[in-house]
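Engineer: Take the two lone chains and join them into the complex the hints point to.
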Amino acid sequence: MADDTRPQPPVSGRRFWISREEGPGEPDARSAVWNEFPEGAADPPELPADALSRRRFLALLSASAALAAASACSAPDRGTIVPYTERPDEVVPGVPNFYASCFAEGRRAHPVLVRTREGRPIHVEGNDRYATAPGKAPYRAVADLLGLYDPDRLREPQNAGRAVSVPEAERLLAEKARKAREQGLPVLLFTDAVLSPTRARLLAELRKVLPGLEVVSYEPALGEGEERVLRSLFGEAVNLEPRPEKAKVILALESDLLSGEDPALVRAFAAGRRPEGRREPLARLYAAEGRFTLTGSRADARFGVRTGDLGAFALGLLRLLVGEHGVSLPPGAENLPWPERPLSSLLGAGAGEREAEALARDLAENRGAALVVAGSHLPAPVHAAAALLNLALGSLGKTLGVWPWPTAVAPSGRGEAEAALERAAEGRYGLVLFWGGNPAHAFPGHPAFGEPRREVFVRIGLHEDETAKVAALVLPEAHWLESWGDFVPRPGLKALRQPALRPLYPAARQGEDWLLGLLRALGGQGAEDYARFLKERWRREEWPPESPVPFERFWAAALHEGLVPGTPPPVSAPSAGALGPHLCGASTPKGLELVLHPSPALYDGRYANNGWLQEWPDPVTKATWDNPLLLAPADARRLGLKDGDRVRVSEGGRSLESAVLIQPGQREGVAALSLGYGRQALSVARGVGTNAFVLLGREGERVLRGVEVEKIPGRKPVPTTQTHHRMEGRDLVRSIPLKEWARGEGEKREGHPLVSLYPDQEFPESKWGMVIDLSACVGCSGCLLACQSENNVPVVGPEQVLKGREMHWIRVDRYYEGPEEAPRAVHSPMLCQHCDNAPCENVCPVNATNHSPDGLNQMAYNRCVGTRYCANNCPYKVRRFNFLEWTAHKREPETLAFNPEVTVRPRGVMEKCTFCVQRIEEAKVRARVEGRKVADGEVIPACAAACPAEAIVFGDLKDPESRVSRLARSGRAYKVLEELGVRPSVTYLAHLRNGPEDSE
Amino acid sequence: MSVPAPAPLPEELAPPRYLEGEVTPGALDDQVLAFPERKPPRKWFVAFAFTAALAAAGFGFIGYTIATGIGVWGNNRPVFWAFDIINFVFWVGIGHAGTLISAILFLFRKTWRNAIARFSEAMTLFAVMCAGLFPLIHVGRPWLAFWLFPYPNQRALWTNFRSPLLWDVFAVSTYFSVSLMFWYLGLVPDLASLRDRTTHPLRKKVYTVLSLGWRGAASHWVHYEKAYLLLAGLATGLVLSVHSVVSFDFAVSVVPGWHMTIFPPYFVAGAIFAGFAMVVLVLVVVRESMDLRNLITLDHLEVMNKVILGVSCLMAYSYFMEVFTAWYSMNPYLHHIFRQYVSGTYGWAGILTLCCNVLAPQVFWFRKARRSYPVMILVALCVTVGMWFERFVIIVISLHQDFLPSAWHVYLPTKVDFAILLGSFGLFFTLVLLFARVLPVIATTEVKAVLPGAQPRHAGGGHE
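Those protein sequences? They're chains H and G, same order as listed. Residue numbers for the first sequence, in my numbering: 1 to 1000. Residue numbers for the second sequence, in my numbering: 1 to 464.
There are no misleading hints in this set.
With a cut-off of at most 25 Å between alpha-carbon atoms, the simulated DMTMM-like pairs for lysine to aspartate or glutamate come out as follows:
#1 G:Lys39 x G:Glu288
#2 H:Lys469 x H:Glu451
#3 H:Lys208 x H:Glu182
#4 G:Lys415 x H:Glu799
#5 H:Lys890 x H:Glu482
#6 G:Lys415 x H:Glu885
These are computed hints drawn from the structure, not numbers from a lab.
Only chain G is shown next, with the shape it has when bound in the complex (with noise of 0.2 Å):
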């Protein structure tokens, strides 16, 4: 008994595709893993050459900052965490969509995220790399932030486990490490095919080491996913405690304004805010410029904008309940803070977060919009700077009247913070530009998986 064919279904309801026209399996490796070999074309070089001078910059100020002291910025007195902080919490945030989608979304089994795990797992890691810059320069005598770490020594001498800012320490090492490590654990099939396709004599050499001599036999594999599935639910964990522990920074102090129960979720919800709309941004970018169109769809960025959107639901939710329990608190210096959040001297600073992050993501609920690449670049950026404009809300608003109305001071910048904020951004993407060009930037192995046919499955369906 032969089943009517379907009437074709309008566009909007017809099933996703992650995949476009026909992808083989060498066709895909043709593709991928040709970007090594070959030599990049003028733009990068344009690009590399503006990002590596940014992160030069960045880091010739770091060594002025150093060899000065941080007097050289615009921190003082209340306002002692500054840039720096802000700075450290935004690419923190920013590194965490990377695990996020390669974790989280590999252990509920979405498929549609093979095909950028890869990049937006790099990105994860060249964020906490620019995060973890920031902590390390801002402290008073950088040279000492070794103290920082339990170590055992001569003079009897240990850390303050009370501290949030030693669970930063471990939080971000560890997150760091095991994105690490799961990062480059699923590159290895990945680098053993380039190792396999590489002719060139220097590149072999160094993909065979970073190999780890893997011949994609079965047992290969058998370890391989065992140990993948592992780290994902490592990396699941800390991709939610990270920012929670980031946040204690500010919810275990007393500062009007950072003592909120809220901050743990609230962090975690923004800091994937961030890194989406950061994936986002970069994702449009690879996929013109590497001619990846049919391997990163316009349907990848469309469920990638509906997370945007939904998550900025959530970021509305988590204002307007940090909002309500200041007003319920009864409390004068909570209240007068969260007065100075959207009307004091840099009330337009909160006013703009909450354009960015509230109303900018709404355009989303249009599919139109969704699809359209000046919508959802102009978002993108829209929510990467509400988010780091959230981060200044949070430390510079509060602390710059605080308790004693005599102590209040106003906090401004100085060139030496731009250069290094603007640093940090070029070291990201001149980490991102040699990622693209070295390594592969969408994971083979696991597109492969997901090509057509790749997968047993019953005839006549039933369920994917």
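Excised from the complex, chain H in its bound form (with noise of 0.2 Å):
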């Protein structure tokens, strides 16, 4: 202690002293102060060298309890964490990699780009290369990211119940087909619309080595009368492209058109639908139908027709354009028969012959402009009437695109599909695949699934669902995240679909794989995989010879891209005379009609076991997790029903059981059942609703006349996330009519003025907000499963969804006004409004919400101790509690699915939206490195994001400049509930009504 390392005075300058031994001057007095211990008062000086003083015990002693507490503090780490010792290739950790890939469902396929993190996808969202719709995916392609991650998922290939390795199982696929091909059995693949050209190259190259190959391509969720009016109109299988960007005068028969399945056609439709300036003409949407669409509730004037006379109405119009507009029928369909009815009698409550009169007149003014579709779901004599409208005001080849059915296999019909199934009961089959869809429910009670493992049934499928049970042999199969492919989703457009990641299961392999595995067992030339495959088509028959960029630059710009462009072959011109079978086809009503249609949620059934699929509120009903009888309000009545009522449907000898919902503005004498519930497997799916396919006849017509419905005892309460429908007459959705807006009328309401006891909130930087336009919103709800796969947002089931506990950050409230025959709905999305004056903020006793320097609205879960006293004071109810603990019970896979950016909530925690707080720190992280600013544009929430209609926008408020500042601006802006002085963050725009009287 003696050696002079203590701190010396400085030689110079001013100085204080505070002692005298401190003072200048006596070495050993200065050494005194700083040696505090001096010799042989702190250690004995007889110590030996190796001993423990009593000091340095005492320290040891401490530290080491010390370390023991702290060590007992802290839990036990439940997982190693493991860093790559060697990096993959542009993974790098915390920054997310893009995927071009391309989803397909139905007759439709759309490209989309996947999000991964650290090599595992966590969102999808749309192709931003993709001119129809950039960045726009289908609302389902988003969810389905939940399917990858599904635990139901199956793992193994499994021979009679019992798990076989790979080999094996290629082993024994093959040798049922040789053996099939050696008894010169035919042999049967059963799966869904083949939209891919390299599916249909290797099924064709699989017909060379298995001659006995029948192909039924079946998709159950689409009705075929479509199919056959195109197929006798044009001689072949084409598809028709609604262009309604094109359109001045569309007319939707019971038509999904506006469901955001086509995220193109919303935005199209909405591109129209947002005047910049008073005097902008706006696109005019028209609807008849009998069900209550999410298209009709946004028509401008909407016609209650029942569903099974909307051929005789599109007649009916028809014959009014022709007599009194003089348009022309198109050549070959001037003498074609057809049933009259006069329009007044198919007209319901709603519009009526006055609006007719105007739906004519306009069709008429507006030849080329025009635009009719109808819905997949409706017989051939909708159809055959529709397009002979299109053919007449002109509307081919300008607002109706057609181009030829993408591949070699056509879409086969439920028919053709019954007839081979009763073929495979037989026994005729050597080998039966089924790959794709899900046979056994789409066709209940069907005796080709009477029994269990029946030896030449062989399932390729993700699930060990109802068809898997009748299976023999049981292949797993890839997701569509995990696999190759190619599709056209446009006229001409080619999409590639590469894998996100490896499968998660290395037995699963997706269905191209196991037939090509098949192929090359059977003898056949085929590649060593799918990916090869496709590359060796591309090679040989997409990349154009003569082009001066390599091949292999040619497909990884086209793997980058996801997308290569290119003409369709031309379609044959239509011979309108052909459809004078379908016409006379039209029959009238009789008794209750029961439309069965695909359900907006599951579509045939194939995402039963999503639970965010599941617990979706349908955008019209509202209701989740099941699919309710839907009754017109006249029907409920007569047959003393109310919602929650359980009825027994049955038509023909076939009956099914289900719960009733009242739908307003349902025709009187229609009933709607959507199909796809009523699963028998998985444990998400299984026992939800009812299923409608019991109900599909041979020739798969899903309107169906004479349905009885009885009441049977008992009440199933149908799950709905929005229990009143009603406005109360206050302000909250604005709706006002084109000729106020062009007058300069529906002009901002100022109240008075609203004073506040704080300081106004200063925003140094930027104050984030937000702008819907509810003049685009079309209501489809694409926005909460974009939130809920962004934000991790948990499903909570239908039992807590029934007790108003579903947990969505964002809902579209739906509002009914008018008569319930014919009311008028609005649509308004809800979310957090990050009020400047939050009234969920100063009522929290702990801080746990708080608002940020630029304007948000925050959360701190982890100080949340959930007196609910906010959720309480929100005037808009968008928080959202933890009841109960929706998360932790969560495993792998289930957990991969969540985006890392974002805090899975315990129970006992209130949530609600951020402004998507996780993309703004990214875009201000990129900013800082970049040295700039965040550009105006580059945060989009997730909502906004996955809009179709493009109504939400998302900026900074600060900037006056900024796209959201100038939209909040405009004289259609509003606020939500500004009367209480909350000043939200959120601007809505007034929706503006375009019907024949609402205009000038």
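Structural biologist: This is how it looks when you write it as structure tokens:
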């Protein structure tokens, strides 16, 4: 201690000394000051060198006690964290990678981008290079991310209920096929729509080695009327491409044009409904329908017509056009006979004859800019009538494109499919391969599926579903996010599908790979795997050989972009005369009509194991976790039924049981039921709703007549996310007629000045805000799913939805106004309004919710105790409380679906929309690294990114020139519950009505 | 000159008698202080077993709630608060009568309070204990409820003093601690008497510790009286403040039906109302089962019932003013919710509240009714039920239909909700029963002060 490491007093300068010892001079006295414990005072001088001194002993004792306490305090780590020792190429931890891929469903394919983090997909969004709908993905594509991580997925091949290895499974499959070939028995491949040219090529190759191969390509969700009519009209299988952006007048015949299943259609429609100036004309949408569809709810004028009468309605309209508006019938159709029924006899409540006159006038005046679309579930007569209207109005090639079916495998009808299944039941096939779809669910009670594990049945599928249960050999299929493929989403446009990750389960292979293995085993020529097969076909057929770009570069670019443009082959000219037989098929409705339509959530039932989609409220009924029988109010009254009553629905000896939900606006005499529910397998899907495929007849007719509905005992309340449907005269969702807007009315209504006790908050840099254009929003609710995927929003189940505990951070409010027979519906997305004077903030006793300097109303989940006071005090009721534990029990693979940027909330904690703060921060970091400000439009929350109508705009309200600021100054702008003085950051733009009487 | 003896007054005009028969200080001690020394009767054990079982079941369900989450209750969106906060406000309200009787009536020198103050004050404490349970268990993460206290911590986290819930924490805990002190202070001389009487060694030890060395010296009494007066003054303010603060939970919010300036006085009146009804209920039972008819007289009960009648009229006025304010506000949200109070899904609850709280007590305009056991028990039960439903009306009905109809949802309580509510009653009555056995239910020292001849008086009277 004697060595002189102590601080030395400075040699010069003014200096104060505190005692004589410290003063200058006297080195010994100085050292006495710094040496607190002089020699011998602390350590006995005689202590041996290696002995433990008292101080050191105490130090060691306290250190070990502290360490012991510290280690006892922290919970044991429950996992290991392993860093990348060899980082894969292109993977930077914490930075997402995007892969272009393609989603396909039914007859549609849609290019998408898959956002991956550390090698696992976490979000699906649209491909921004896809010009028809840049950055927009169908909502079910977004939701099917969850399907990838479905814990019910098949992980290993199974033979007769026993797990087998992949080579063994391949051998068994080849053996079965060889046996069939040797016995000379045909082989049936029962699959869904073949949209992929390469898949069609593979099937053609397979047919070379299996001459008896029959392919049934059947989509149970879709009706066959359109297919039949188009085939007669054009002489070949074609696809229609409605182009709403080119149409000034659109007539939707019970069509799901605006369902969001094809975001391009919504985008095109919305583009025509978003006026910048006051004098801009808007597209006008008419709807005629028996059900109350989302498209109908957005129509400017809606005709309540029984679904079975829609054909007659279209023909009556055509008669009116020809007779009074000088529209001429297309060549060949002049002398077609068709049943005559006066329009007035078809119309129910709602728009009447005057509007029908207006519709005829509008269509006639907009020849070449008019468009008639009919719902895919409607029978041939309606499609034939719609085709005649389109031909007469000159829509073809202008507002309606036609392009040939992209592959050689044309879709099969239900009759064809059923016949094949009957042959299978009789044992006429040597091998039946079920790949895709779920025929045992789509053909309930069919004899082919009567016995389990038939020796000749092979299932290639994602799950051990109803069809897998009847197959002896079950082969696990890879999810589309793990697969290769190519599609034709738009005329001439080729899209590539590439895996965003390796299959989660090594034994899972895409169906093509299993078939490719079979092809090689049977002696055919085929690449080693489908990736190569695809590439080879592209080298031979898609790469222009005269191109200066070498193939490898072409291929890499194609994979990177996901898209390769081209021109579609021409379609032969339509012959309207061929429509005759279809037109005469129109029949008059009798009794109660039942319309079977694909479920907006589950489609044909393939997504039934997807909790996000099960809990996704139907955009119109707001029902979740069920497919209730939708009845018109008058019919419900007649039958003495209330919401939640149970009924037996029977038709022609077939029957099912279902819950009832009364649907305002549905035409009297029309009932509706969606397909896809009533699954009998898989943990989430089983027992939800009722299987309406039971009622589908051999012809696949989806509009059934003379249906009996009788009340049966018991009740089954339908879990709906909205239980009150009227606005009660409150100024919540503004809808103004176009003429008022054009005259400069409908301006912001100024209330009395609102004062606050607190000083205004200051936003030094930016203030985030949102504008939602209700004139563009169609209510498709795609935003819900994008938000759910982005923000790890949990699924709570039907019992909890019934209790009003669903967790969606954004919801779409839907209100009805007017009589319940013919209400007008309005839709309004509702999310946290990020109020400047947020009433939730001042009532939280622990400051868990507070305001950020850039205008966000933040939630600190860690700090939240769960008093729920904030939610009581939220006038918008957008806060969501974790009443129970929704996520902690989740294990892999479910946990892999979580977005790592967003905290998973435990029970007892409040949560709500954050404006996707993680995306804001990402953009801010990027901007800071690049030394600039965040650009306008750089931050796009998940809801805005997914909105096909582009109705949601996000940005900085502090920048007066940002898009969001400009829109917020619009004459249509208003804020919900402005009068409360909470100053929300979300501005709504009033909806504009453009009915015949709404404009000048 | 002799004054002619006054003609005997008719019974209705006779001064109330707060003591019946001959009561001497010794007899009083023997009557009141003997209870802790005696083995309780069989019916006490039966009652105790019942209430304790109820309380145990309630705590079992509380444990279940804490283990599972408050999703086991019926609370939903938008009714984020339901039975939890109803019960809290209800019990805090019950807890008002005791302090009012012991403190405010003390300051007003209403000597009739002396015989019943001890008991009603104990009820206050037990009610506040029941009340305090609910804010604790109703939060989503009860194990973190201590974050509501502004304690210094390394994370530099602080509470939000703008939140009425925080004010609640302070108001209720202050009220509880002051009530406890006040009650305990009053107990000290009686505890000393118990200590002096008992021969059982354990009881002796316990009462010795509890009586804090009280010897009944004059200096003790001087300090005691001063402290008692000061605490009475302190408690008086708290009686008025605590329920005002509880009402701020509602009044400060934006919810239509909550955002009302009348709430603080209206809540205080309601609390006194409910508290008095509960005191009457328990007093009747105590008077009969413990044979205290001479100390707690029908006149005591009658004066209580008069208070109930008076406050009932105050409640009627509050209800009327609330409706008037709502109507006069021209606020459509408020109009809607006030219609819901009497006509919507839960309209029956509003009607029930009005019948129980406004109509039923009107029977007390009649002297016969005020002195009739069946009538007063019935009315007290009505008021208790009515006041519980008043909070149901305010909390559940207001929440279930607020601003945006899209978010409206009906509320249905679950079995767990009812079990915990009953459990709180079980806890309350268990504590009451225990209290009745181990501590003097009547403040003997205070009653001694009003025994005939206890106070010096001028011969010939003048005023009392």
